[in-house]
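Enquirer: Each chain, written out:
2 protein chains.
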Amino acid sequence: MQNQHIEALKKIVGDEHVLTSVEDLHCYSYDATPGFSHMPNAVVKPATTEEVSKVLALANAEKIPVYTRGSGTNLSAGTVPTKGGIVLLMTRMNQLIEIDLENLVAVAEPGLVVADLNKAIETHGLIYPPDPGTVTTATLGGTVSENAGGLRGLKYGVSKHYVMGLEVVLANGQVMNVGGKNVKDVAGYDMTKLFTGSEGTLGVITKIIVKLVPAPEAKKSMMAIFKNLDNAGNSIAAIIAAKIIPATLEIMDNPTIRTVEDYAKVGLPVDAEAVLLIEVDGIPEVVEKEAAKVLEVLKTNKADEIKMAKDAAERDKIWAARRAALPALAKLRPTTYVEDATVPRNKVPDMIRAVNEIAKKYNVTIGTFGHAGDGNMHPTIVCDIRDEEEMSRVYKAMDEIFGTAIKLGGTLSGEHGIGLGKLKYMEDQFGPVAMEAMRNIKRALDPNLILNPGKLVGEC
Amino acid sequence: MQNQHIEALKKIVGDEHVLTSVEDLHCYSYDATPGFSHMPNAVVKPATTEEVSKVLALANAEKIPVYTRGSGTNLSAGTVPTKGGIVLLMTRMNQLIEIDLENLVAVAEPGLVVADLNKAIETHGLIYPPDPGTVTTATLGGTVSENAGGLRGLKYGVSKHYVMGLEVVLANGQVMNVGGKNVKDVAGYDMTKLFTGSEGTLGVITKIIVKLVPAPEAKKSMMAIFKNLDNAGNSIAAIIAAKIIPATLEIMDNPTIRTVEDYAKVGLPVDAEAVLLIEVDGIPEVVEKEAAKVLEVLKTNKADEIKMAKDAAERDKIWAARRAALPALAKLRPTTYVEDATVPRNKVPDMIRAVNEIAKKYNVTIGTFGHAGDGNMHPTIVCDIRDEEEMSRVYKAMDEIFGTAIKLGGTLSGEHGIGLGKLKYMEDQFGPVAMEAMRNIKRALDPNLILNPGKLVGEC
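Protein chains in written order, with the working numbering: chain Z, 2 to 461; chain A, 2 to 461.
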């Protein structure tokens, strides 16, 4: 990038919205993923779709890479500016444009923080379900671009299940609108879904129409402790087979249980092979009925201990244990990799067992917790990125974890995206034909390869 | 197409599976859409993915158009072989490959009839929700390619909400697998959604993984009669605002009511401006609660008469009235156009009123019924396609109907697709930028433009 480009960018968004100092650039050289960083040449903060359009037209003409970014909380190095160029910071475009109660949709700019959206609709008895752990800082645009999920994914799905329409600035600066407020809309290719989860590689999202859903009237939480992992696995399968879809159905494995107990002293038995944490929600009558049914399934499948939360305080205690999982594991060592290898839900015990064997094989510390009900595991590797020898073992363990997920019919990502972090495994999951088809789409929509180049589908 | 091509096709699928007689070709020259037909050169019936792959490799090399077809029930001329070439008839590939009860998914070939899928999973207490009117003849592949919906769309969505994975043969004959059995899967571009609803323009679907859901334990149906259309419209909005999502929330307007009553004598008041037909489903306790709430909403919004079905016989009577709508209208005149212009649900009364005005303006007969809850209207024009003067008025009326839907923030299709029937309105809805983006995708995946050429996104 040359000085004249910086000057041109300043003319578009205003001097104060183009950052070029080393300190500023450093702040945007990395995201929440360990091990990836690269300095951009400029951080540009547009305020309008028109400004985004002008920035892209310039970048496209001059072949300058552009990395769209929200709060940078993603876990797959999706926003790291690996080839220099422009970090396009969307946080100034943070307006909640409309809450449409008749159609149960909201219209917002991408920089809106997800928690702020939920705060604004709470008084109307509505929720926007995707709730990644970073919900208080993550932006709507970032979560939509990474297809973020969260604890409620089993019942409520991930971001793509809520995005109804988008305004997108294409690589050449042209603006298009796809989708809308229609509950049913099958006209044309599903461009809304194509751009959702495309990690900034196909266009810049400048407006988002999302579906809202009624907040559940009641919730009921419980915890089940298993000395035998298979009984936990059977319970998961049996709950689903009983046609109950809990809002949340989480698992923590033995390494996680021990670490959480050591960290938070919540009374977990350290010899348990697995703990399940379950919440059903909905209309009070249904919640009672489903909770009773889940209880029965857990007993039938030999849960060694079951705690049903009697009130909000007990409910909070159950979820405090689950919420302690990541901080407890992260406290063990300087570096934390939270992965999201996902398998069909009947393969959850196989996956957990394989991860524990991989941990032993490479002598690395891995705690596995996560969304058992939807097969979305979070094998979490704690290590020290400065220790080369250890890291060589860590990387081998990662390779085997993702290889195992794919072998079990799983996927590289349940909710974190691919970015750079998991790029090298993509062909193992998709094969060369699907990879080439995806690259063809990338080239068709971004012929100069300026948008988050080298990510998700790799070099084109 | 030359003789050598026919011979090559026979070598791939066997002599008896290549049809070339004029009688046979005539049968595949049209589909359920009035006004479109063209003779193909051959009808080819593959039995395996490998055969499909070989047929496409040949067609691609020789630049022969290929129109993938199931039962041909579509209403947007999506399968009419308008440029000659090969009709690829998928009805031999009709196996239900797997019912996976642990993961609540089914795997099937595209030629499987949707009703047969539902019959096979019924004993397990499961349903595959998309239920177009043609469910007993339509194939899974056809409904997935056209993104078919049905009466339960309000609560259960359309086909794309159930497709989890696909095997697709690309234009060049290469085979790819995308998606799978994972409840959460955000790896790569959402190719599964891109191909779902792509109307055979991007590839040939040879295997489909669909999500199944538990059948509702209970249902409750009711009918509400309104002398004033606005009260019906307000009721629709108020039901949704009360955070109830009925499985079905249908409307019939006055012309439809009069026609149905004349045809079926079900006791509808012919001076009513609108009838709403509503069904809530789910767990018995919830159904009772929601039905009571709907009743209250209907009363508050001045329904002139409400009939709540007390038993299955009364329920059947209510839905018989709705099911009579299309045959009753179709009986009036030789030609029937069932359109699916869709609007945000709060615009339903505006849309119905506009359609009635358009009918008067052009002196054509239009009955509007359809899925009020999700805004998916079916303005149904009955006419005589042999009457040129009348048809010129009919076409003008259609133009205005779709123009009005777009003006109201709606979409050209809620569940029937675009095909050729609505192609000319596409740019009005999407604008030139999105149209070009879609054409870029088409060209990227089908560079020789052999797959259902000229449809959905037009000439490329």
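Don't take every hint at face value.
One copy or two, it doesn't matter: identical chains are merged, so the pair holds either way.
[Stated by the list, open to error] Here are the computed lysine-lysine pairs in the BS3-like style, where the Cα-Cα straight-line distance is at most 30 Å:
#1 Lys156 / Lys294
#2 Lys362 / Lys308
#3 Lys12 / Lys208
#4 Lys55 / Lys266
#5 Lys55 / Lys397
#6 Lys332 / Lys212
The hints are simulated quantities; they were obtained by calculation from the structure and are not laboratory data.
Small disclaimer: the values here were computed from a predicted structure and weren't measured.
Enquirer: Each of the hints needs a verdict: does it hold here or not?
Expert: Tested hints:
1. Lys156 / Lys294: both (17 Å within a copy, 24 Å between copies)
2. Lys362 / Lys308: Neither way: lysine 362 and lysine 308 sit 35 Å apart in one copy and 68 Å across, limit 30 Å.
3. Lys12 / Lys208: Only inside one copy: lysine 12 and lysine 208 sit 23 Å apart there, 53 Å across copies, limit 30 Å.
4. Lys55 / Lys266: neither (55 Å within a copy, 63 Å between copies)
5. Lys55 / Lys397: Neither: 44 Å inside a chain and 40 Å across chains, both beyond 30 Å.
6. Lys332 / Lys212: neither (37 Å within a copy, 39 Å between copies)
In this structure, the earlier hints numbered 2, 4, 5, 6 are contradicted, and the remaining ones agree with it.
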